[in-house]
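Trainee: Listed below, chain by chain, are the residues.
Protein chains: 2
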Amino acid sequence: MSKRIVVQKYGGTSVRDAQRIKNVAGRIIDTVREGSSVVAVVSAPGDTTDRLMDMAYSITPQPDERELDVLLSTGEQQGISLVAMAIKQAGYNAVSLTGAQVGIVTDNAHSRARIKSISTDKVKKALDEGNVVIVAGFQGVSLEENITTLGRGGSDLSAVALASVLKADVCEIYTDVDGVYTTDPSIVPQAKKIDEITYDEMLEMASAGAGIMQSRSMEVAKKNNIKMHIRSSLKEHNFSRGTIVMEETKDLEQVVVRGVTLDTDQVKMTIVDVPDEPGVAAKIFGALAKGNINVDMIVQTSPHEKGLNDISFTVDKSRLKDASDILASVKEEIGAGRILTDESVAKVSIIGVGMRSHAGVAARMFEVLAKNSINIEMISTSEIKISCVVEEAEGEKAVKALHNEFCEE
Amino acid sequence: MSKRIVVQKYGGTSVRDAQRIKNVAGRIIDTVREGSSVVAVVSAPGDTTDRLMDMAYSITPQPDERELDVLLSTGEQQGISLVAMAIKQAGYNAVSLTGAQVGIVTDNAHSRARIKSISTDKVKKALDEGNVVIVAGFQGVSLEENITTLGRGGSDLSAVALASVLKADVCEIYTDVDGVYTTDPSIVPQAKKIDEITYDEMLEMASAGAGIMQSRSMEVAKKNNIKMHIRSSLKEHNFSRGTIVMEETKDLEQVVVRGVTLDTDQVKMTIVDVPDEPGVAAKIFGALAKGNINVDMIVQTSPHEKGLNDISFTVDKSRLKDASDILASVKEEIGAGRILTDESVAKVSIIGVGMRSHAGVAARMFEVLAKNSINIEMISTSEIKISCVVEEAEGEKAVKALHNEFCEE
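Listed in order, the protein sequences are those of chains A and B. In this text, residue positions in the first sequence follow my numbering: the first is 1033, and each later residue adds one. In this text, residue positions in the second sequence follow my numbering: the first is 1033, and each later residue adds one.
Everything labelled a hint here was simulated from the structure, so no lab data went into it.
One copy or two, it doesn't matter: identical chains are merged, so the pair holds either way.
List time: in silico DMTMM-like cross-link candidates among lysine to aspartate or glutamate, alpha-carbon distance up to 25 Å:
| hint | residue 1 | residue 2 |
| --- | --- | --- |
| 1 | 1154 | 1139 |
| 2 | 1156 | 1139 |
| 3 | 1154 | 1097 |
| 4 | 1353 | 1409 |
| 5 | 1156 | 1097 |
| 6 | 1157 | 1177 |
Input sequences plus hints: build the corresponding full structure.
Mentor: Here's what the structure looks like:
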């Protein structure tokens, strides 16, 4: 009963072929041999999901959402059966369970369902019987017994949610990198693996463009205080430590800047000559919110001549078309001037819980950028993050300079 | 409530690519437009099952049976979602259901499960709501909620069993031929499509080598008196009639021989010098039965000198190795002589319920073979079938001659 429970999550690249599936089985068995009960959440192998999508689109340009979930969920179902076979082949007990079999109950929002509850009976019984339990990630079942999928990052979410209801000791996220880095090593070779990071820092890293884990999963981990371990699934790193995501501690505040991120997927939009009247901003951003468009980094100029403002903000490049359509009609309504869009921008951010107790971090950041002749177009700050929008061409230079200033001794 | 219910079954070749899936959707919609409620049982598209098997064997030479069923069942699940998408795309309501979702409850014998019960609630509710219901063939769920598969011909069985519990008006089996023929048209170009055939004749045809439908499904159809319609899934034959399998009627007895079959998958085994003692045959065939080997056409010679018999019988070629192993030990036990095997044999059969009321059919058969200088090695008869084992090289010649005698005017 007091056995350590470890939830592990293996993404699609970790199970993309027979050899990798056997490696995953080996790693799970290693964990069992260390004395832990293991629940492994597995994604669809390799490009399975893409191939299933292609199949659906060969039938219709607009696949029915319910049926698309029935189709896509087969990918993870294949993954779990193959991993379970590999474990049994090695002489250990394993049992695979689909989302429906576990009882991962979601709402009925196909392709983006939200988990409402998870039954632990079946998983606990299987663990008690000495099995490794292999659970299909990304999928659940609605109260109406329809198969649902959780959307992007869904397997991470399955893992964290299972770790939460099972009161697991740790939730290990296996990926093709060996942890979270102080910045993208392909830009800055001096980037270092981060040993420990707080939930809030991870959340800011994700929203600032470091594509490690979806924010939704990290929020669940934070809320339930699930210790996360982000580590490599490559066999040779078997016992290497990755990055632990955990609650904030005194120690974690010693570092001022945990990481530097670059996000080139943003586009800057500016509404020129907005009348400086109460409620105008609410109209603009209310309309965007209604269109499900996330807005980042809002900057409003002080009213210039004739009581007119400029309002700038950034949105995801993928939403540019939708945002433009919405703004075109809002512009008429509020009587604003032109709408400018600038796609060649980059957002550089520094993130760290230590900022709260160390003054002057923002000033140091601006100074570094100035010294490198990088012009700052927009600034936004939170308690533990400072972001600047710069010209896209200057983005990597900015990251290098900031990493050198804050993350290299 | 009094709407006609049609169960249709589409095999893997009928849904092997996008175009064929759309054809199947079109055919289902045609049936709906004729005023019927349709339940369509769909198999795994094309070579999906083979590819899944390859995946399993790339992990282990002996895949765990439970997990293999989890893996294989994804094939039909893909098939049903794609067919449902195609129907919805055409503007009709459809909903796919896996074996577990329908409630096709089986025993726990993975890879060869037997159906114990089928819940009709979900299917009837979906039909009442105006849906076409697309059901995954070949699969079910055990009482322990494990995914199971029904083994070879499983989708036919799913269809017939569903037709039975739904009290369907007809169960249509769509295939790549347009019905059951009097004999294999690739051997005898004059072969004709049979319009109507009895369950018993179909059972004998199947056991005699005409690979149209598994005996297990036909037995369920007979037991529940389900009218079966075996027809082509090729779009151009949309409204052509195939072969109806039904209860025996007076009319059906008018034809003496319904069909002629050839089976070259049999091997003849002979145990030489078997002591002529009570219980010896029981020992031989008991041991084979225990090894799950089906034996056909047993012939025992009269005891020759020293009170010894020869016992010959045929078994499926695929079971030759197992049968030989079993006989080797039985031979010692009963003190028999050598065991001979002859793989170059063929079994030709004539089948027809009319035989019962027409005398001299066997004599005519032997006469035809004699006239064509074909030597008969073994003979066995049932009420509605006469089979002869001949040299394999003479098999097609025998079929041609018998078809000419009995099935051509």
